[in-house]
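Novice: Given the coordinates of chain A, assemble chain B onto it according to the supplied hints.
Here is how the chains run, residue by residue.
Protein chains: 2
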Amino acid sequence: MSLALDAAAQDLLFRRAHTARSFTDEPVTDEQVRAIYDLIKLAPTAHNSSPLRVTLLRSTEAKERLLPLLSEKNRAQTAAAPLTAILSVDLRFHEKLPKLFPVVPGLKDVAYADPAGRAEAGVLSAGLQIGYFVLGVRAAGLAAGPMTGFDAGAVDKEFFGDGRQKALVVVNIGRPSATAYNPRLPRLDFEEAVTVL
Amino acid sequence: MSLALDAAAQDLLFRRAHTARSFTDEPVTDEQVRAIYDLIKLAPTAHNSSPLRVTLLRSTEAKERLLPLLSEKNRAQTAAAPLTAILSVDLRFHEKLPKLFPVVPGLKDVAYADPAGRAEAGVLSAGLQIGYFVLGVRAAGLAAGPMTGFDAGAVDKEFFGDGRQKALVVVNIGRPSATAYNPRLPRLDFEEAVTVL
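As you go down the protein sequences, you meet chains A and B in turn.
For the first sequence, position 167 (counting from the first letter as 1) is numbered 167 according to the working numbering, and the numbering increases by one without interruption.
For the second sequence, position 134 (counting from the first letter as 1) is numbered 134 according to the working numbering, and the numbering increases by one without interruption.
Some hints here could point you the wrong way.
Note that the list lumps identical chains together, so a pair holds whenever it fits in one copy or between two copies.
Said to hold, decoys possible - Taking lysine-lysine and the DSSO-like style, the derived pairs with C-alpha atoms no more than 27 Å apart in a straight line are:
1. 73 with 96
2. 157 with 96
3. 99 with 73
4. 73 with 108
Quick caveat, the hints were computed from the structure, so don't treat them as lab data.
These numbers come from a predicted model, not from an experiment.
The shape of chain A in the complex, shown without the other chains (with noise of 0.2 Å):
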C-alpha cells in the first residue's frame, strides 16, 4: 500500500523469492547472465567505483577447481548448480575510475591511494552490488544460492592467484527445484533494527 513497486515484482524479488539449495537442470544462459549485469550495473556504489568483479565458472573443470574449497555442506548443491559464481572485489578498483568518475579526474589518486582504506571502501561498495545481484538474479526469473561458507583465502590463491581480487560470496543460479526452498526464517521486527531520533 505504501509501496510504488507493483505486487508482482515484491513476490519476485523479495516476497515469494528464497535462498535455493537446489535446481532444475534447465542451463542459465550467457543473455540472462548479461541482461542481470546490465541491469545492476546501475545502481549506486560510492564514487560509482563498482568494485562487483564476477567470475562465472561454466566449464566443469573451473568448477571443480572451486568444489573442494567449499565447507562440506555446500559442495553437493554447487556441483549440481547449473551456473556458479564467485563474487569478488577489485582491490585496485581505483584504476577504472578515470572512466567511472570522470567528474573529478585525480580522484583515483586523492581518495584511495591507501590500500587499507581502499579496500575498506571496495569492500562496503561490492557488498551492495552483491546486494543488486542478488535481485537481479531473482529480476531474472532465476533463484539465487548466496554463500559465504568456503575458504576465502584458498579461493584468492586458486582464482586471483595475483592478488588483485578477495572473493566474497559465492553464488549458484538456476531455477529452482521443487525442494529448493527452506521454510523463511525469523527477521528482526522493526523496533529490532530501526531507531527513530
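Specialist: Leaving out everything else, chain B in the frame of chain A:
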C-alpha cells in the same frame, strides 16, 4: 527480454532511478519507512544474521548532530532532505542469532566468537542489506541519496557511543526535486566486470 521483472519495475528500481541530491518538501512517513523495512528484511544475509541497523534522524536536533560530521559538499543537501538515515552494522549482531537462526542453536558462539571475524562478516552482510535498502527506498516511489562522505569515527562516537554500532552509509530519502539528478556516469562493460571460466 531475458528478464522476468516487468519493465515498469525495472525502471522504478534501476533504469530511471538515480542517486538524488535534492528533494521536494513532501515528508517521508513512518508508514513508508516501515513498508521499506518490511520488504527488504526478507532478502538474504549470511546465516540470516541481518546485521543492518537503521537510525532515522526525524527531529531537527538529531539531524543537526550529524551535519557537521558530513563532508562539506554533503551538508546542504542533507539539511534540506525530508529524512536522513544512518545505516550501520551492529557489531554484536550475533546476539540475535538464537532468534534469527534457531536451526543451529550454538551458532552464535561457534561461528562468531572472534570480534574481528565477526566485524568482517557483519560489514559484508550489512553491505548487502544497504543495497537492498537503496532499492527498497526506490520501491516506495522515493529517491535515495546514499553517501560515504562523512567522518565515520565521529558519527560512531556521536550516535553509537557504546561502540556497538559502526556507521557505514548515510542516506537521504525523499521525493526527488526537478534538479535532483546528475547525468548518469559510465558503467563498466560486461567484459570488464565479468570473467567466464
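Novice: Out of the numbered hints, which ones does the structure contradict?
Specialist: Checked against the structure, no hint fails, so every one of them is satisfied.
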